[in-house]
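Number of protein chains: 4
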Amino acid sequence: MNIAIVGASGYSGEVLVKLLAGHPSVNLAAVTSRSKCGQPVSAVIPQLRGVLDDLLFEDSNPEELAAREDLDCFFLALPHGAAATFARPLVDAGKKVIDLSADFRLSDPAIYEEFYGAAHPDVELLQKAIYLLPEIAEAGSEKKQLIACPGCYPTSALTPLYPLLKDGIIGTEHIVVNSMSGVSGAGKKAAEDFIYCERNESAKAYGLPKHRHLSEIEEQLSKASGSKVVIQFNPHLAAMNRGIATTITVPSGGSSIEALYESWNKVYKGKPFVCVLPSGQTPDTKYVVGTNRVDISAVKDERTGNFVITSAEDNLMKGASGQAVQIMNLWLGIEETTGLIHG
Amino acid sequence: MNIAIVGASGYSGEVLVKLLAGHPSVNLAAVTSRSKCGQPVSAVIPQLRGVLDDLLFEDSNPEELAAREDLDCFFLALPHGAAATFARPLVDAGKKVIDLSADFRLSDPAIYEEFYGAAHPDVELLQKAIYLLPEIAEAGSEKKQLIACPGCYPTSALTPLYPLLKDGIIGTEHIVVNSMSGVSGAGKKAAEDFIYCERNESAKAYGLPKHRHLSEIEEQLSKASGSKVVIQFNPHLAAMNRGIATTITVPSGGSSIEALYESWNKVYKGKPFVCVLPSGQTPDTKYVVGTNRVDISAVKDERTGNFVITSAEDNLMKGASGQAVQIMNLWLGIEETTGLIHG
Amino acid sequence: MNIAIVGASGYSGEVLVKLLAGHPSVNLAAVTSRSKCGQPVSAVIPQLRGVLDDLLFEDSNPEELAAREDLDCFFLALPHGAAATFARPLVDAGKKVIDLSADFRLSDPAIYEEFYGAAHPDVELLQKAIYLLPEIAEAGSEKKQLIACPGCYPTSALTPLYPLLKDGIIGTEHIVVNSMSGVSGAGKKAAEDFIYCERNESAKAYGLPKHRHLSEIEEQLSKASGSKVVIQFNPHLAAMNRGIATTITVPSGGSSIEALYESWNKVYKGKPFVCVLPSGQTPDTKYVVGTNRVDISAVKDERTGNFVITSAEDNLMKGASGQAVQIMNLWLGIEETTGLIHG
Amino acid sequence: MNIAIVGASGYSGEVLVKLLAGHPSVNLAAVTSRSKCGQPVSAVIPQLRGVLDDLLFEDSNPEELAAREDLDCFFLALPHGAAATFARPLVDAGKKVIDLSADFRLSDPAIYEEFYGAAHPDVELLQKAIYLLPEIAEAGSEKKQLIACPGCYPTSALTPLYPLLKDGIIGTEHIVVNSMSGVSGAGKKAAEDFIYCERNESAKAYGLPKHRHLSEIEEQLSKASGSKVVIQFNPHLAAMNRGIATTITVPSGGSSIEALYESWNKVYKGKPFVCVLPSGQTPDTKYVVGTNRVDISAVKDERTGNFVITSAEDNLMKGASGQAVQIMNLWLGIEETTGLIHG
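Protein chains in written order, with my numbering: chain Y, 2 to 344; chain R, 2 to 344; chain L, 2 to 344; chain S, 2 to 344.
Among the hints, erroneous ones may be present.
Where chains are identical, the list cannot tell them apart; a pair therefore holds if satisfied intra-copy or between any two copies.
Below, computed lysine-lysine pairings styled on DSS-like, alpha-carbon distance capped at 27 Å [as the list claims (entries may be wrong)]: (1) K301 - K144; (2) K229 - K129; (3) K301 - K229; (4) K129 - K205; (5) K190 - K224.
No lab work stands behind these hints: they were computed from the structure.
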């Protein structure tokens with residue numbers, strides 16, 4: 002199985018390269034980047050010195066890549082809009098495509114346009130895509146040719162909330178999601194607001210009240226509950242490289258904390274990448290960074306009647322590249338954890 | 002005016018020493034600490050080398066301090082419980098006492114016991130104390146002999162919420178307060194969970210669902226609204242030294258964002274230490290750390306009908322020692338900003 | 002005394018604005034920046050919200066500024082090359098000029114060209130300038146019209162080394178200077194190598210073997226010793242906002258540690274901004290950041306016969322803007338510490 | 002092959018557990034810690050939730066461990082002094098012992114006593130031990146029963162210096178080694194000087210002039226050169242979790258930079274864990290943290306006649322646990338990189 006990564010010069014691309022370079026069941030055969038074309042991978046990602054010295058970045062031409070018979074599966078680590086441009090010829094050529102962008106995450110093109118500020122780039126192709134959060138997706142979803150990987154914030158919110166809405170443990174009103182993200186979530190962009198001294202020793206909310214990931218969270222929660230869900234989503238930047246800590250307040254509607262945990266355990270028991278912590282033990286990003294795990298926990302506040310649900314994940318692993326490799330593993334029918342247990 | 006600081010070896014004590022050492026209208030005459038007794042202040046707080054080399058830490062004996070005729074005003078930077086032990090003889094001796102602990106913040110001793118896990122240390126003295134958040138306190142409060150300074154989280158939440166509840170702009174239901182605090186908020190304690198590598202590159206919620214400061218926030222909000230307010234308060238630790246960023250979600254109840262700002266401007270217009278930012282401009286801790294300011298802002302989310310309110314402050318300045326000095330300035334009848342505009 | 006700051010949008014400009022805004026003896030009358038022209042100072046430097054809301058950034062036109070009769074003293078916080086362009090008309094118009102750039106630090110234009118890669122912009126004006134490190138400059142230097150403020154690294158190295166070479170305590174051979182600088186030393190530039198995730202959790206040497214500041218250190222040390230001094234200077238970037246820690250290894254040539262301290266004490270005793278720590282007590286940047294102090298210390302290693310000398314300073318204060326204000330204070334004949342003791 | 006880790010609750014023990022838990026050729030059969038006895042490994046090292054939930058920390062009894070027939074190889078991640086207590090019965094029982102402490106690094110017990118402040122705990126056993134830096138050790142060293150793993154600072158200094166002294170590229174005089182270490186190098190100890198706010202935003206030298214690792218560096222360099230080498234070693238703490246950046250100044254003695262690189266390439270060409278960077282390209286800890294690599298580079302300064310040599314490594318990987326696993330791989334005769342290429 003020969004793998005290509007398209008657009009591998011950003012932070013999630015970098016992690017994807019590392020994971021696939023060390024993956025025992027696949028061959029990382031091509032890595033592309035317009036800006037890095039011709040350079041050895043280990044020159045651009047020096048963590049891989051001595052490991053990927055001979056693989057060179059190739060140019061990123063959609064049609065040429067689609068025509069390559071030696072490549073079976075493509076990971077797209079591109080900005081939204083650009084991803085669709087590559088997905089189309091690759092899908093037409095029969096390639097497997099695992100897309101880390103937002104282009105195929107939303108089933109409704111109007112919502113895409115509302116949140117991303119441009120018409121959806123390929124509505125027809127969108128019909129063929131599937132949104133795949135492995136632990137809650139329908140069995141067999143991984144066989145679809147074009148797969149949309151969930152976003153980082155959505156993974157941290159959907160993992161705890163999806164089963165609870167599906168099982169009716171919680172209602173759809175007054176769901177408040179607050180998240181703190183490491184700065185790598187903003188990508189590798191050289192903007193003044195992201196230089197070291199501007200983000201160090203700083204904490205702030207941003208993107209209020211309509212961060213793009215909100216659309217994706219709401220669509221999935223609506224699917225889970227069977228009715229339209231509208232939530233409050235407040236993302237924050239914290240002074241760290243990686244990690245997302247999410248805290249959710251939601252009325253319990255009379256449900257017990259036991260019922261909540263039962264709903265979680267039903268879905269997540271035995272799942273290697275979701276760790277349900279006992280009530281009262283709070284997830285911490287430091288324990289999940291570098292892993293493909295999301296840790297979740299909850300308490301019930303008898304004073305307010307709310308559940309307070311917390312989760313933590315590595316935004317570049319379970320929130321992006323690790324999850325993409327997990328999806329590939331499922332598709333290949335190999336052990337879900339292959340290449341993902343860093344020990 | 003001769004000032005003493007009791008218990009000045011922690012982080013808020015340290016900031017208090019710096020502020021009062023540089024204050025043009027008062028004389029920092031005594032600094033006490035049991036553990037640092039006999040050492041020069043500049044040996045314990047090396048930032049003050051060359052400034053406070055001759056002032057020595059003294060022993061902390063409540064009765065002896067109370068008997069000192071050369072001292073007029075005492076700042077207590079002590080743990081709760083210990084503060085009351087000092088406050089009693091000092092008040093009896095007619096001294097002005099500005100207390101930074103929790104001992105005199107809650108008017109109801111039962112609530113104190115519920116949240117602090119021990120009976121209130123001096124119920125009688127509690128009657129004489131006043132909780133004083135300068136911008137919303139009644140005129141003349143600063144004349145009271147025993148003053149309780151608000152806590153760090155409460156200041157960041159009460160500043161934006163108090164006027165809104167008082168004016169009926171928002172209701173009392175479904176108020177959700179999330180805060181991110183720098184690690185200095187945990188004090189200068191040598192516990193494994195607070196060593197550098199444990200807090201660096203980490204983000205997590207803690208103290209759910211009943212952090213001690215919750216009691217103080219609720220008491221004040223209840224006072225503002227005239228009815229019992231119960232809220233959700235979710236504190237988090239972020240990897241930075243100083244600063245608190247607070248994000249509040251609350252149903253607008255049909256109120257407009259203009260009404261919200263009008264309520265704020267009515268109280269805070271011209272106040273030097275509250276900065277009302279335009280809707281859409283989010284406070285950032287990096288802009289307030291080192292100042293005695295709290296920045297507040299809000300947006301209305303038409304989709305959810307909620308206001309999302311954000312604030313930022315320095316937990317050791319407006320959240321503790323800066324506010325204590327502000328209160329002293331008011332009491333002395335001098336310019337409120339004296340010694341507090343760091344420029 | 003009306004002060005203008007030219008080019009105040011970088012990190013040292015920002016600190017300069019804060020210091021002069023709070024300075025009790027001067028009036029900050031104008032702040033210029035081409036890119037920020039028309040904006041309130043407090044919009045560009047939000048730490049000053051509520052303090053400098055009414056002062057607007059003006060355009061930076063050398064001739065127009067020189068013609069302004071209301072302005073007496075100009076601080077230039079500009080890149081090298083640009084500074085000379087402003088200095089010329091200002092000096093011609095009789096204004097006092099305190100320059101924070103490298104344009105007037107080196108007396109030899111050939112050395113300037115070697116290290117800065119371009120011919121010196123104004124050799125004639127250079128003759129009128131004086132390099133002024135206050136603690137070691139000749140009395141009266143501050144009266145010169147055009148003053149070159151020392152660079153950040155040079156201040157941290159010259160303060161401990163200058164007296165030792167002058168007094169012959171150490172020789173001129175085998176001087177090795179290693180420095181660690183906070184990231185603000187690189188300025189406020191939006192380059193990929195300086196975004197948060199690239200500098201966080203990183204340590205590295207850079208600029209080997211001929212960092213620009215080397216030229217300035219060597220010229221001053223040569224002046225101190227009376228013969229040409231050539232040293233090794235190895236700068237490093239550390240993951241912090243502010244501060245420089247410098248460690249110098251130099252053969253003792255048989256001198257005792259007592260002789261070294263005597264040489265220091267002779268010059269620095271009573272100087273408010275140089276703190277000579279006892280042998281064995283190492284300076285730490287955390288104790289000087291926010292102050293205008295440089296802390297120095299030394300040990301003698303009997304095994305190697307070397308002195309190991311350490312210093313720490315705030316690169317934006319004693320290493321730049323604080324020192325510039327100290328120079329202004331000296332020039333005005335007011336207390337050297339005015340506006341610089343942050344308490 | 003069944004492996005035991007003795008004393009696995011510190012930072013290097015933690016990394017060792019992760020590496021061995023994921024190692025494809027060995028079985029991590031026992032993990033001991035007096036303080037954590039009875040707890041699941043994944044409770045103490047939550048990064049391993051879902052991976053090592055069933056392995057429990059055992060008690061640390063030297064004799065009982067030595068008597069265990071199911072255990073073949075022991076890693077000792079203990080303080081010096083304690084390590085020897087365990088090594089003796091294990092060696093007597095015929096077990097392979099890989100020791101990460103300082104107990105068997107120095108061949109001269111008098112030097113041990115000088116630098117570690119106590120008599121060597123087991124001089125007889127010391128005779129049987131070998132110091133093993135894999136890239137420069139004699140072939141076959143790994144077969145010795147008792148192996149001393151090099152310290153973190155020594156690995157970063159010896160890797161570049163050893164071949165140069167052996168080949169006579171440099172002399173033994175005026176070698177100056179400056180290092181910056183992440184805070185994990187100080188271990189997991191709850192001391193006030195190591196809490197977050199004390200180490201964050203700080204840089205300082207420490208341990209001058211006789212850090213313990215100096216003894217180990219000098220012994221090895223003396224061995225390389227064939228004569229007694231005495232150097233200056235200046236360690237520093239930087240505000241980061243992991244990583245060591247070392248900068249070495251040494252007179253070139255007329256040798257060319259080409260000769261230096263030839264000496265390095267002769268030894269390190271093809272070695273997976275030493276990366277020789279081109280002259281002018283400086284190692285950065287961020288590129289080696291998480292890997293078992295040490296990157297080295299050098300420039301010649303024609304002005305001073307010195308070489309300036311730089312290196313970077315992960316103090317917990319190549320500087321401790323990664324190197325220990327590398328040694329085990331060599332001993333087992335399997336691919337040196339097994340379990341160590343994180344991709």
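*Kindly indicate which numbered hints from before are broken by the structure, ordering the numbers from low to high.*
As far as the earlier hints go, 1, 4, 5 are violated by this structure, in ascending order.
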